[in-house]
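Asks: As a plain string of letters, each chain reads:
There are 2 protein chains.
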Amino acid sequence: MSDFNDLIIFIQKEINKSLKRLPIPDKPSYLYDPIRYSLKGGGKRLRPILVHLMGRAFNIDPDELMKIALSIELLHNFTLVHDDIMDKDTMRHGQKTIHTKWDTSSAILAGDGIYTIAQIILNTLSGIDNAVSSYFNKTTLEICEGQALDKKFENEPIITEKAYLNMIEKKTGALLSAAAALPVIYNGESQSFINYCDSFGRYLGNGFQIQDDLLEITSDEKTMGKSLESDIYKCKKTIMVIKAHNRYPQKWDKLISNSSKNNIKNNIHSFFDETGIIKETKSSAEFYFNSSREAIKKLKIHNKNELLQFVDLIEKRTY
Amino acid sequence: MSDFNDLIIFIQKEINKSLKRLPIPDKPSYLYDPIRYSLKGGGKRLRPILVHLMGRAFNIDPDELMKIALSIELLHNFTLVHDDIMDKDTMRHGQKTIHTKWDTSSAILAGDGIYTIAQIILNTLSGIDNAVSSYFNKTTLEICEGQALDKKFENEPIITEKAYLNMIEKKTGALLSAAAALPVIYNGESQSFINYCDSFGRYLGNGFQIQDDLLEITSDEKTMGKSLESDIYKCKKTIMVIKAHNRYPQKWDKLISNSSKNNIKNNIHSFFDETGIIKETKSSAEFYFNSSREAIKKLKIHNKNELLQFVDLIEKRTY
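Taken in sequence, the protein lines are chains A and B. If you use this note's numbering, the first sequence corresponds to residues 1459 to 1777, in order. If you use this note's numbering, the second sequence corresponds to residues 1459 to 1777, in order.
Isolated chain A, as found in the complex (with noise of 0.2 angstroms):
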């Protein structure tokens, strides 16, 4: 595992230096300040390290496959400064977000321009074909889906486990798959191994997100880099409370009304032990972390136990 960490935090480490070193011009500053605020911004870089995970089981050369990994970085990125404007969000990794700092326009404006360099970066690629780019921009439809399902949801009374399921993957699955199946495509691989990617990184998304809604309930502020509860109180549906209020209607509603700033994490914490509903969620989580481990085992790979330890890093962070 020790071996694993470093090579993960050499990873990290060589994104972060590639993310400083993209030519973003100085002006006009309107557009390039909160575009290079927003790419200074922490992030625990796990979809471009994906990205380079999958690519070293072909040994695709690093620099190609950085681009691969900024762009994916990036779409990362200007999926967040939208969606923090549309969810009302003040704080994105410890600092403020953009819309908060500078204003919507400014935020906009950062968040297209990000997508845009993405694209302009992927571009640069030696030698690829549609494919990638084509693959790259329907991850994009999918996760503005993904984001559209979740803000129609704030408005519906009942919200189904299995619509949840289907808007997290497409939110959230989406872009993991797209990270893990990226560099197989660039590399020119068959559709079914494509295809076991896709399923690894949807899989690997809805554990991700439902370990995500979980500890937005059993961590703390500090540790998440933004205000918790914030979801909670804006009828942020995650799985723990549809389940909650598809279950005890009456019971959830009362919880909710009769709690206060002050002790609403602790009143909706038991009641989610309670009921059962954390244990359920964790070993949803798991079901979904376990899945995404079976579609490695079916790659044709000599790094599968890097993939593997990826997996396990994501099922045991605890932020």
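Just so you know, not all the hints are guaranteed correct.
Copies of the same chain look alike in the list, so a pair counts if it works inside one copy or between any two.
As a list, the in silico DSSO-like pairs of lysine-lysine whose alpha-carbon atoms are at most 27 angstroms apart [said to hold, decoys possible]:
(1) K1485 / K1758
(2) K1694 / K1755
(3) K1485 / K1610
(4) K1712 / K1546
(5) K1610 / K1498
(6) K1559 / K1609
(7) K1485 / K1694
(8) K1755 / K1740
(9) K1620 / K1559
(10) K1596 / K1756
(11) K1546 / K1559
(12) K1596 / K1485
(13) K1620 / K1485
(14) K1712 / K1609
(15) K1762 / K1774
(16) K1546 / K1719
(17) K1712 / K1756
(18) K1609 / K1546
(19) K1485 / K1609
(20) K1478 / K1610
(21) K1695 / K1485
Calculated from the structure, these hints are not laboratory results.
Start from chain A and add chain B according to the hints.
Replies: Okay, now just chain B, sitting in the frame of chain A:
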């Protein structure tokens, strides 16, 4: 001219048919309803028409050409949807803007989706290398820079005419350049050929925008399909406002503060007229249109005449 008009109407109809036929999914409606609404809206389709005219020079398969044309129109559409949020514009082509009919979140997401669909369409072009997509995305980044400058100008007391012309070249000219250059790049023509197309588009764009500024003050709301004077009330800097403000700062400020909603347009019109600003602006537009004609004359293509007539069409438009 009649044959040419028939050709333009034919191309315009084909573009509208193709836009209608785009396989935009039904769900999630939160994402796709605003996108469908936006694409149904009016618009002169000047940019995709230019794509077709330029493609005719090389006898490019019209179906392939249509992919470039649609991606250019969608790129244009995407920038309008996001610009309308930033500029708080409520009407566009005679219908409510997306953020007015729905909300800001829907409009941000619709814009993102439209731009992504534009790229998905571009990637269905057969046998393209990175050059087409690369130019397409560099164009978008330049348009973002133009919009950033435009937003920045809102809060600056003095804008030079040179800075304004640089801004509109990015905001308007870059896309017309792309409309002219992409078929040429797709056909694998030389860099010098691409450069002439680029210059042609930039001159045409500046002519187009300066004329737009003129029409804003000489046309009426019904013809323009958007609320006039709104730009003036919001201190939007047009080339004429810049000239007036820079040369007659006191007189201009006095005129604005002494005018009511009912007489401001007439007052401004008279002021621009008396000071010779209208005349000067007209001759500036003429200069750019003539420069775009000069660029066309340098192109070795059989349908120069169509492109020259296209410039005439734009120069003579009344809305």
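Asks: It remains to establish, for every hint, whether it holds in the given structure.
Replies: Hint by hint, here is what the structure shows:
Taking the shortest alpha-carbon separations for K1485 and K1758, neither the intra-copy value of 47 angstroms nor the inter-copy value of 36 angstroms comes in at or below 27 angstroms. Taking CA atoms no more than 27 angstroms apart as the test, K1694 paired with K1755 passes in neither setting, with 35 angstroms inside one copy and 60 angstroms between copies. For the identical chains of this complex, K1485 and K1610 are inter-copy neighbours only, at 11 angstroms across copies versus 37 angstroms inside a copy, given an alpha-carbon limit of 27 angstroms. With identical chains, the CA atoms of K1712 and K1546 are at most 27 angstroms apart within one copy only, with a shortest distance of 26 angstroms there and 40 angstroms across copies.
In the homo-oligomer, the alpha carbons of K1610 and K1498 lie at most 27 angstroms apart only across protomers (23 angstroms), although the nearest pairing inside one protomer, at 31 angstroms, exceeds that limit. Taking the shortest alpha-carbon separations for K1559 and K1609, both the intra-copy value of 23 angstroms and the inter-copy value of 16 angstroms come in at or below 27 angstroms. For the homomeric pair K1485 and K1694, the shortest alpha-carbon distance between copies (21 angstroms) is at most 27 angstroms, but the shortest distance inside one copy (38 angstroms) is not. In this homomeric assembly, K1755 and K1740 come within 27 angstroms of each other (Cα to Cα) only inside a single copy, at 23 angstroms, whereas the closest approach across copies is 70 angstroms.
Proximity of K1620 and K1559 under a CA criterion of 27 angstroms is satisfied in neither setting, with 37 angstroms inside one chain copy and 30 angstroms between copies. Taking the shortest alpha-carbon separations for K1596 and K1756, only the intra-copy value of 24 angstroms comes in at or below 27 angstroms, while the best inter-copy value is 40 angstroms. Taking CA atoms no more than 27 angstroms apart as the test, K1546 paired with K1559 passes in both settings, with 12 angstroms inside one copy and 20 angstroms between copies. Only between protomers do K1596 and K1485 lie at most 27 angstroms apart by alpha-carbon distance; the minimum there is 15 angstroms, versus 31 angstroms within a single protomer.
Taking the shortest alpha-carbon separations for K1620 and K1485, only the inter-copy value of 16 angstroms comes in at or below 27 angstroms, while the best intra-copy value is 46 angstroms. For a Cα distance limit of 27 angstroms, the shortest separation of K1712 from K1609 inside one copy, 24 angstroms, qualifies, whereas the shortest one across copies, 47 angstroms, does not. Within a single copy, K1762 and K1774 get their C-alpha atoms as close as 18 angstroms, which meets the 27 angstroms cut-off; across copies the closest is 65 angstroms, which misses it. Proximity of K1546 and K1719 under a CA criterion of 27 angstroms is satisfied intra-copy only: 18 angstroms inside one chain copy versus 35 angstroms between copies.
Proximity of K1712 and K1756 under a CA criterion of 27 angstroms is satisfied in neither setting, with 48 angstroms inside one chain copy and 76 angstroms between copies. Both within a single protomer and between protomers do K1609 and K1546 lie at most 27 angstroms apart by alpha-carbon distance, with minima of 12 angstroms and 22 angstroms respectively. Taking the shortest Cα distances, K1485 and K1609 sit within 27 angstroms of each other only across copies (13 angstroms), while inside one copy they are farther apart (34 angstroms). In this assembly of identical chains, the alpha carbons of K1478 and K1610 lie at most 27 angstroms apart only when taken from different copies (25 angstroms versus 36 angstroms within one copy).
When the C-alpha separation of K1695 and K1485 is checked against a cutoff of 27 angstroms, the pair qualifies only between copies, where the shortest distance is 20 angstroms, while the shortest distance within a copy is 40 angstroms.
Of the numbered hints listed earlier, those contradicted by the structure are 1, 2, 9, 17.
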